[in-house]
Amino acid sequence: MKKSTVAIIALAVIFFSAAVALADIIPGQNLASLKLEKEGGGKIVLGKIGKPAMIAFFFPGGKEDAKQLRAAQALVNKHKNYEFIAVTRGKDADEKKSAADFLDKTKVKAVLAFDQKSDVTIELGVLSLPSFVIVDQDGILRTLPLSTVTEKPRKLSVDQMMELAARLETIPFVDLVENNTEAKESLRLVGRNAPELSLPTYDNRNYKLSWPKNRNTILIFWSIGCPHCLKELPKMQSFSNNYRGDYGFDVVTVTRAGDSKGRSSLRDIVRENVFTFPILLDEKGDATKKYGVKFVPSVFIIDKKGKIVDFLSGENPYFAQVYHSIFRDPQRFGK
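Numbering (the working numbering), first residue to last: 1 to 335.
Worth double-checking, as some hints may not be accurate.
Dumping the calculated DMTMM-like pairs for lysine to aspartate or glutamate here, alpha-carbon to alpha-carbon at most 20 Å [what the hints assert, rightly or not]:
| no. | residue 1 | residue 2 |
| --- | --- | --- |
| 1 | Lys290 | Glu196 |
| 2 | Lys304 | Glu196 |
| 3 | Lys35 | Asp104 |
| 4 | Lys105 | Asp94 |
| 5 | Lys43 | Glu83 |
| 6 | Lys67 | Glu123 |
| 7 | Lys51 | Glu83 |
| 8 | Lys91 | Asp119 |
| 9 | Lys43 | Glu95 |
| 10 | Lys78 | Glu182 |
| 11 | Lys152 | Asp138 |
| 12 | Lys35 | Glu123 |
| 13 | Lys80 | Glu185 |
| 14 | Lys80 | Asp138 |
| 15 | Lys289 | Glu185 |
| 16 | Lys294 | Asp138 |
| 17 | Lys304 | Asp246 |
| 18 | Lys304 | Asp286 |
Derived CB-CB ranges, DEER-like [claimed, not checked]:
| no. | residue 1 | residue 2 | range |
| --- | --- | --- | --- |
| 19 | Thr170 | Gly248 | 16 to 26 Å |
| 20 | Phe319 | Gly248 | 16 to 26 Å |
| 21 | Asn206 | Asn242 | 26 to 36 Å |
| 22 | Glu272 | Lys105 | 57 to 67 Å |
| 23 | Phe319 | Lys155 | 10 to 20 Å |
| 24 | Lys78 | Lys105 | 21 to 31 Å |
| 25 | Phe319 | Arg205 | 27 to 37 Å |
| 26 | Ser265 | Glu64 | 41 to 51 Å |
| 27 | Glu185 | Gln137 | 40 to 50 Å |
| 28 | Glu196 | Asp101 | 58 to 68 Å |
| 29 | Asn206 | Lys78 | 49 to 59 Å |
Honestly, the hints are just simulated from the structure, not real lab data.
In this text, a Cβ means the ideal position worked out from N, Cα and C, and glycines have one as well.
Start from the sequences, fold in the hints, and give me the full structure.
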């Protein structure tokens with residue numbers, strides 16, 4: 001294996017292993033404390049750039065890095081007031097030269113900067129390369145790390161995010177959370193009418209979920225053996241207790257209990273967590289099939305008319321920020 005290839009792989013491993021935790025700085029916070037070494041000398045203080053900026057984290061030699069950097073360059077050219085900063089490790093003179101040669105080869109005209117100890121990488125929660133973040137002219141971070149600038153993470157394109165950031169307008173936090181693209185069947189339901197359900201509850205009542213109704217709905221599919229579900233549901237119970245009146249929503253959940261042992265486990269979970277929302281039993285899997293659920297937890301946000309306005313999959317590390325942004329977004333609920 002070539003020495004340069006080994007260096008690239010090592011750099012990728014360092015970035016991945018260094019940034020294993022959630023971001024210490026999240027959108028809405030100032031980056032004044034974060035500094036990068038600028039090529040040729042000097043420092044770049046990310047909170048004091050003085051103009052909106054696209055910041056790209058990359059490692060030299062990656063095909064996807066080259067593709068995404070070129071696409072980011074095109075976006076920066078379109079938004080003429082943006083600074084473009086490309087960040088890599090730059091451990092020594094060889095790595096710094098390799099990075100500069102890579103940008104030159106890909107015809108990317110960015111300010112090259114180095115993060116030798118991965119301090120900025122860790123603070124921003126960069127987990128993969130390439131990754132991109134947007135900072136506004138006041139030095140406020142406006143996005144989570146984005147793995148692509150050519151695809152929409154969710155509802156907004158990166159182009160639209162750059163425009164909103166330049167105007168100091170809000171980017172809904174939920175639009176920074178990338179979709180689980182493997183959940184294709186569920187994602188296809190967004191914007192469509194939610195399938196109606198009629199199922200028994202775990203405590204032997206009949207429950208019908210239909211629209212229109214005078215409340216929005218958070219519909220959650222989960223499993224009693226799913227550790228991520230058992231982390232999300234207590235957070236949802238707390239969110240419901242505090243905000244269901246403000247946002248006008250009800251929580252409904254769907255699971256399977258199976259045999260008597262499963263039903264006993266379900267009752268224990270409900271009792272231990274003091275869940276007050278309806279828990280419907282989908283023992284035949286009909287509801288799961290209607291909603292195209294392949295992963296748990298799967299969450300469908302449904303408006304009063306029965307339209308699915310958003311879909312979330314998996315454990316949500318930014319729970320409060322995401323759900324507040326969904327209900328505050330006029331594009332989703334027309335407020």
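Discussion item. Hinted pair, alpha-carbon criterion (20 Å max): Lys43, Glu95. Please report holds or violated.
Written reply: With a Cα-Cα distance of about 18 Å, the restraint between Lys43 and Glu95 holds, given a limit of 20 Å.
Fill in: Proposed proximity, Glu185 with Lys289 (alpha carbon, max 20 Å)
Cα-Cα ~9 Å, so holds.
Item to complete: For the pair we were handed, Lys51 and Glu83, check the Cα-Cα distance against 20 Å.
Response: holds (7 Å)
Practice prompt. Mind checking the hinted window 58 to 68 Å against the Cβ distance between Glu196 and Asp101?
Written response: holds (60 Å)
Worksheet item: Does the alpha-carbon distance linking Lys304 and Asp246 stay inside the 20 Å limit?
Response: It holds: about 15 Å lies between the C-alpha atoms, which stays within 20 Å.
Worksheet item: Using the C-beta atoms of Glu272 and Lys105, is the stated range 57 to 67 Å upheld?
Response: The hinted range 57 to 67 Å holds for Glu272 and Lys105, with Cβ atoms some 58 Å apart.
Worksheet item: Is 49 to 59 Å a correct range for the gap between the Cβ atoms of Asn206 and Lys78?
Response: This hint holds: roughly 55 Å between Cβ atoms.
Discussion item. What's the verdict on Lys91 and Asp119, does the C-alpha distance respect the 20 Å limit or exceed it?
Written reply: holds (13 Å)
Discussion item. Range first: 16 to 26 Å. Now tell me if the beta carbons of Phe319 and Gly248 are that far apart.
Written reply: Hint holds: Cβ distance 19 Å, inside 16 to 26 Å.
Discussion item. Check the hint pairing Lys43 with Glu83 against an upper bound of 20 Å on the C-alpha distance.
Written reply: This hinted pair holds, its Cα atoms lying about 15 Å apart.
Worksheet item: Per the hint of 21 to 31 Å, is the separation of the Cβ atoms of Lys78 and Lys105 within bounds?
Response: holds (23 Å)
Worksheet item: Do the alpha carbons of Lys80 and Asp138 lie within 20 Å of each other, as the hint requires?
Response: holds (17 Å)
Hint check: violations occur at hints 3, 6, 10, 11, 13, 16 and 18; the rest are consistent with the structure.
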